[in-house]
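Asker: Residue numbers (the numbering used here), protein chains in the order written: chain A, 1 to 437; chain B, 1001 to 1105.
Think of the hints as simulated: they come from the structure by calculation, not from any bench. Honestly, I wouldn't trust all of these hints.
What the hints assert, rightly or not - Straight-line C-alpha distance at most 16 Å; calculated EDC-like pairs for lysine to aspartate or glutamate: (1) B:Lys1071 / A:Glu360; (2) B:Lys1071 / A:Glu297; (3) A:Lys3 / A:Glu27; (4) A:Lys66 / B:Asp1014; (5) B:Lys1076 / A:Asp242; (6) A:Lys301 / A:Asp242; (7) A:Lys249 / A:Glu297; (8) B:Lys1076 / A:Glu371; (9) A:Lys66 / B:Glu1015; (10) B:Lys1071 / A:Asp367; (11) A:Lys5 / A:Glu55; (12) A:Lys350 / A:Glu360; (13) A:Lys66 / B:Asp1016; (14) B:Lys1076 / A:Asp367; (15) A:Lys3 / A:Asp29; (16) B:Lys1009 / B:Asp1024.
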Amino acid sequence: MAKHKTPLLDQLESGPWPSFVSDIKQECDSRAKNAKGVDYQIPADCPDDLLGVLEMSYVDGETHWKHGGIVGVFGYGGGVIGRYCDQPQMFPGVAHFHTVRVNQPSGLYYKTDFLRQLCDLWELRGSGLTNMHGSTGDIVLLGTTTPQLEEIFFELTHNMNNDLGGSGSNLRTPSCCLGQSRCEFACIDTQQLCYDLTNTYQDELHRPAFPYKFKFKIDGCPNGCVAAIARSDFSIIGTWRDEIRIDQKVVAAYAGGEIKPNAGAHAGRDWGKFDIQKEVVERCPSGCIRYEGGKLEINNKECVRCMHCINTMPRALRIGNDRGASILCGAKAPILDGPQMSSLLVPFIKAEEPYSEIKEVIENIWDWWMEEGKNRERLGETMKRLSFQKLLDVTNIKADARHVREPRHNPYIFWKEEEVTGGWKREIADYRKKHQK
Amino acid sequence: MAVVEFKGKKFEVDEDGFLQRFDDWNPEWVEYVKESEGIKELTDNHQKVIEFLQDYYKKNGIAPMVRILSKVTGFKLKEIYELFPSGPGKGACKMAGLPKPTGCV
Chain A
1 MAKHKTPLLD QLESGPWPSF VSDIKQECDS RAKNAKGVDY QIPADCPDDL LGVLEMSYVD
61 GETHWKHGGI VGVFGYGGGV IGRYCDQPQM FPGVAHFHTV RVNQPSGLYY KTDFLRQLCD
121 LWELRGSGLT NMHGSTGDIV LLGTTTPQLE EIFFELTHNM NNDLGGSGSN LRTPSCCLGQ
181 SRCEFACIDT QQLCYDLTNT YQDELHRPAF PYKFKFKIDG CPNGCVAAIA RSDFSIIGTW
241 RDEIRIDQKV VAAYAGGEIK PNAGAHAGRD WGKFDIQKEV VERCPSGCIR YEGGKLEINN
301 KECVRCMHCI NTMPRALRIG NDRGASILCG AKAPILDGPQ MSSLLVPFIK AEEPYSEIKE
361 VIENIWDWWM EEGKNRERLG ETMKRLSFQK LLDVTNIKAD ARHVREPRHN PYIFWKEEEV
421 TGGWKREIAD YRKKHQK
Chain B
1001 MAVVEFKGKK FEVDEDGFLQ RFDDWNPEWV EYVKESEGIK ELTDNHQKVI EFLQDYYKKN
1061 GIAPMVRILS KVTGFKLKEI YELFPSGPGK GACKMAGLPK PTGCV
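Make the full structure from the sequences, and use the hints.
Answerer: So this is what it looks like as structure tokens:
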């Protein structure tokens, strides 16, 4: 029997999409039955009370969580998001409802052994509810009490060899697309790089030392399957700098209709016969493809590596062999001064272990931003305030046409004093000798 | 709000054990909190951090950024965690009686 009446939430059990309400109710039943005889360390009816408080919010149209919450584990300054219900008498099961961020494996590949062990831990010491996964990538354990935090942390580290993720003004949990594990577009080993950076910067991840949060995300190619360009302060995006490899025989197979374009992604609708001229050549943003006499040619010098032709004919066209990544900086959500996507900083960098070149860029940026960044100022905002030129200076990167989409149109141009003959020190009296007042 | 009593002093605190009012702070508070913050023995170094946080808060009305705390006290972040295992926010600020850190933590 449900502990609280939830008429509004019950409506969300109909319809074809997997219902979070049905799932939570199932967990409520499972905890009520307790078939395994678990000695629940937080109230067994925690998920019931969660539904209760959520129903109340549906009625009121207002949240019922108190402001903030500062809890954690010794040694770390982040990893746990504290939260308390503002109606603890009515919903004692969620009086404490802290969220634990657990660092996920790159690419989110699991064995059932690991997930079972994690679920056993969470069933005993938590609500039994999770978020797989948080937007930043973490495994999210949703709802437990303060005394359980150190217990969970002990078991995670001692029995599961797993650590917490990041929260607060620090390096957040890095994440990546699944990369070379099962994608022929991947220009770099995103998983390896993600794992390496996560391990290298454990201190920066667990102990907030930054002006504000900072995120890494790694995409294997410009398709952006982890959305690095929009959701990370430091976006690493794989690319190549030689030529797209063309298999003319397979191009002919596409032209002949033997292979479906875009690997059949548009099979749900009749778009007519595949037309390479219309769907590839004329769609190329730089117009650098020619298809004549059954032969596809690409002027690679003009190619911007947008992925369109490769995406459309993945079996005929392949990424080049000289691979690396671009680094872009500064993406952030709107608060405070408007949303930003990352801006190109390093057009091409090799991405090979031990990734020293990439780490040098990271650390140069941190040295600067940690010193100059204002309280709660994202890197993207520091770039706006102190200029892109400053970012180039501190990373020792020479300005390049690729750093801008277009040159500035205003003439408010700063010069360094040493660049100007005679410098800034002038005597008005000297001027007056030639120009009367 | 809960009220805790220690050595004859009363303190009003929130769920996370932060003082509700900075003015309620007194040395007994530090004695009371230290155990729950994983601190066995209070040293001069602890005092130095606490005093700086309080001075800064009185002067500026906010807690200092970590960078400033390190610079002024001379303690690297690692040393601050050695002193205060839960870190400068949950550990040191709580003991100094400053308001609970807020934002996307």
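Asker: Take the hints in turn and mark each one as holding or not.
Answerer: Okay, the hints, checked on the actual structure:
With a CA separation close to 24 Å, the supplied pair B:Lys1071 and A:Glu360 exceeds the 16 Å bound. Between B:Lys1071 and A:Glu297, the direct Cα distance comes to roughly 60 Å. Violation of the 16 Å bound is thereby established for this hinted pair. Between the alpha carbons of A:Lys3 and A:Glu27 the distance comes to roughly 13 Å, so the proposed pair stays at or under 16 Å and holds. Restraint check: the Cα-Cα separation between A:Lys66 and B:Asp1014 comes to about 11 Å, which is no more than 16 Å; the hinted pair holds.
In summary, the hint linking B:Lys1076 to A:Asp242 is not supported, as the alpha carbons are separated by about 46 Å, beyond the 16 Å threshold. Distance restraint check for A:Lys301 and A:Asp242: the Cα-Cα separation of roughly 9 Å lies within the 16 Å cut-off, and the hinted pair is therefore satisfied. Between A:Lys249 and A:Glu297, the direct Cα distance comes to roughly 13 Å. Compliance with the 16 Å bound is thereby established for this hinted pair. About 14 Å separates the Cα atoms of B:Lys1076 and A:Glu371, which keeps this hinted pair within 16 Å; it holds.
Taken as a hint, the A:Lys66 and B:Glu1015 pair is honoured in the structure, with Cα atoms around 10 Å apart against an allowance of 16 Å. Taking the CA atoms of B:Lys1071 and A:Asp367, the gap is near 15 Å; set against the 16 Å cutoff, the hint holds. Only pairs whose Cα atoms come within 16 Å are accepted, and A:Lys5 paired with A:Glu55 is accepted, the gap being roughly 8 Å. With a CA separation close to 12 Å, the supplied pair A:Lys350 and A:Glu360 stays within the 16 Å bound.
Our distance criterion of 16 Å between C-alpha atoms is met by A:Lys66 and B:Asp1016, whose separation comes to about 12 Å. Under the criterion of a C-alpha separation no larger than 16 Å, the hint pairing B:Lys1076 with A:Asp367 is consistent with the structure, at around 15 Å. For the hint pairing A:Lys3 with A:Asp29, the CA-to-CA distance comes to about 10 Å; that is within 16 Å, so the pair holds. In summary, the hint linking B:Lys1009 to B:Asp1024 is supported, as the alpha carbons are separated by about 10 Å, within the 16 Å threshold.
In summary, the numbered hints that this structure violates are 1, 2 and 5.
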